[in-house]
Amino acid sequence: MKELKEKILRALAKNAKIDIDELAIMLGSSKEEITAAIAEMEADKIICGYPTLIDWDKVSEEKVTALIEVKVTPQRGQGFDKIAERIYKFDEVESVYLMSGGFDLTVIIRGKSMREVSRFVFEKLAPMESILSTATHFVLKKYKDQGLIMQFESDDPRISMSY
Amino acid sequence: MRNPLNKTITEIKPSGIRKFFDIVSEMKDAISLGVGEPDFDTPWHIREEGIYSLEKGRTYYTSNSGIKELREEICRYLHRRFDLTYDWKSETLVTIGGSEAIDIALRVMLEPGDEVLLPQPSYVSYEPCIIMAGGKPVIIELKAEDEFKLTSKQIEEACTDKTKVLILPFPNNPTGSVMSKDELEKIIDIIKEKDLFVLSDEIYAELTYGEKHTSIASLPGMKERTIVINGFSKSYAMTGWRLGYAAGPAEIIKQMTKLHQFSIMCAPTNSQYAAVEALKNGDSDVEMMAEAYDQRRRFLLHELRRIGLECFEARGAFYVFPCIKSTGMTSEEFATRLLQEEKIAVVPGTAFGDSGEGYLRISYAYSIEKIKQALERIERFVRKVKA
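In the order they appear, the protein sequences are chains A and B.
Each step along the first sequence adds one to the number in this note's numbering, with nothing skipped, and position 122 is 162.
Each step along the second sequence adds one to the number in this note's numbering, with nothing skipped, and position 273 is 433.
Please keep in mind that the hints were generated in silico from the structure rather than gathered at the bench.
For every residue, glycine included, the Cβ atom is placed at its ideal position computed from N, Cα and C.
Hints are not guaranteed to be accurate.
Stated by the list, open to error - Pairs of lysine-lysine residues, derived as DSS-like cross-links and limited to a Cα-Cα distance of at most 25 Å, are as follows:
(1) K530(B) <-> K184(A)
(2) K372(B) <-> K47(A)
(3) K503(B) <-> K179(B)
Unchecked claim - Okay, the calculated beta carbon distance ranges per label pair:
(4) M187(B) <-> E46(A): 39 to 45 Å
(5) E451(B) <-> Y90(A): 20 to 26 Å
(6) E529(B) <-> S100(A): 26 to 32 Å
Sequences and hints are given; from them, build the entire structure.
Take a look at the structure:
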């Protein structure tokens, strides 16, 4: 079961839209077994959601992504969790990671414009109690995201028939 | 003017897929399932090592047999994966793909008129290589009812007092058939009794789905009469790097090295360095690719059967070998019409020997999306011709 679940996860990580019947055939399993395994993993929050990877650059709507390095003073008895929660509850925040090294939290935020992102940083983030400093880096271009290369190479370079 | 050509060579039949190849290359939106190489790119860490070797200026010949580091890694690999023990120095030779190894192994072993047992359907190069080495191919027709495996009875019946070598092409291209340890154990007595040498082409050894591959050389008394052919093309998706190897008895390897030295000099230097990286750190790549092939294999077999083409459970390489006898067509007719009417290219079984009549080789070295698109057209075609 563990092995099957891992295989399902690897398949879903590549294509969350995969047809369950098809997946069952490919994994030599049954539809029922796969459906049950997925339901179980959803309940256990192993599968946390099915977002779509979008190349926003190709959509007319303007989007900017920034990665913010945040230094904080951890609160007694709560460590970093409380301050992280206060940050991740904002809708514009896409990811929050606790880091080792020179700063404490990585906050990835997505906004409509640089101005919007900047406003978030100096109005919401920087003034927060226990935040010591922030350093904002804007993403200029995404080459690869979630394991997928954004510029797809098209043609099959192989000769069309061979032994 | 005199005829400039050698008769033995001119009499060898040209490749059976040439015709298809020409049509497919001209045809827009044709889908080919006729490819005999992986669809994966060579894993980046391996390519990177090849690039680095060029940057470092490793642009010279290597020793004829290949670099020491690679041959040592090959020995470690063969031991780790297939329980084979070889001395890197005297029992290995790095070649230009497995195909060079097949060619020179036959040339060093055969005297004019020696007979070579050649099970078919199998890879297209064996027969011409036997002929060019002065040998006589004796075809053993593998049977669908045996799942295209070789039996001791077939070997016994095909042997004469001139038989010297047996070609053992498993996991098999084009059928996808594999021979398990049990099945290999059943043929070794007759091989020893008839004092045959075995040319065991194990290029697809990493691509078996189910039981792990067994090398016949690992069975009792077989190492001294077996030349193991393997390489990097299929397992590490490195076809264009042209790198393979032979491992076998020192006296045979020594003579093969001589031929290799005079005709080739050495295998490409940067490919050799890349291959070291493949063997050292490539196990997980192989595993990932084998798992992907296995999923496509299950899907393709399931769909072909659903469409109504009989298909035995191929457990190796990246081919399935469906039977098309139910359509009343020959392999060639089916493949030609499928290409003309639905723009799908597959290889007729007969390209791999007469015993491939009634079958097609379909490769699953393609993305599942591509396979699905192709299956739609195959289904439409089969429904039409069976109606």
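Could you check the hint for me, namely that M187(B) and E46(A) are 39 to 45 Å apart, CB to CB? Because 41 Å falls inside the window, the suggested range holds.
Using the beta carbons of E529(B) and S100(A), state whether their distance is inside 26 to 32 Å or not. With Cβ atoms ~28 Å apart, the hint holds.
Would you check the hint for K503(B) and K179(B), treating anything up to 25 Å between C-alpha atoms as holding? Holds, at roughly 14 Å.
For the hint 20 to 26 Å, verify it against the beta carbon of E451(B) and that of Y90(A). This hint holds: roughly 22 Å between Cβ atoms.
Just to be careful, I want the Cα atoms of K372(B) and K47(A) compared with a cutoff of 25 Å; is the pair within it? holds, 19 Å
Hint consistency between K530(B) and K184(A) [alpha-carbon to alpha-carbon, up to 25 Å]: holds, 23 Å
No hint from the list above goes unmet by this structure.
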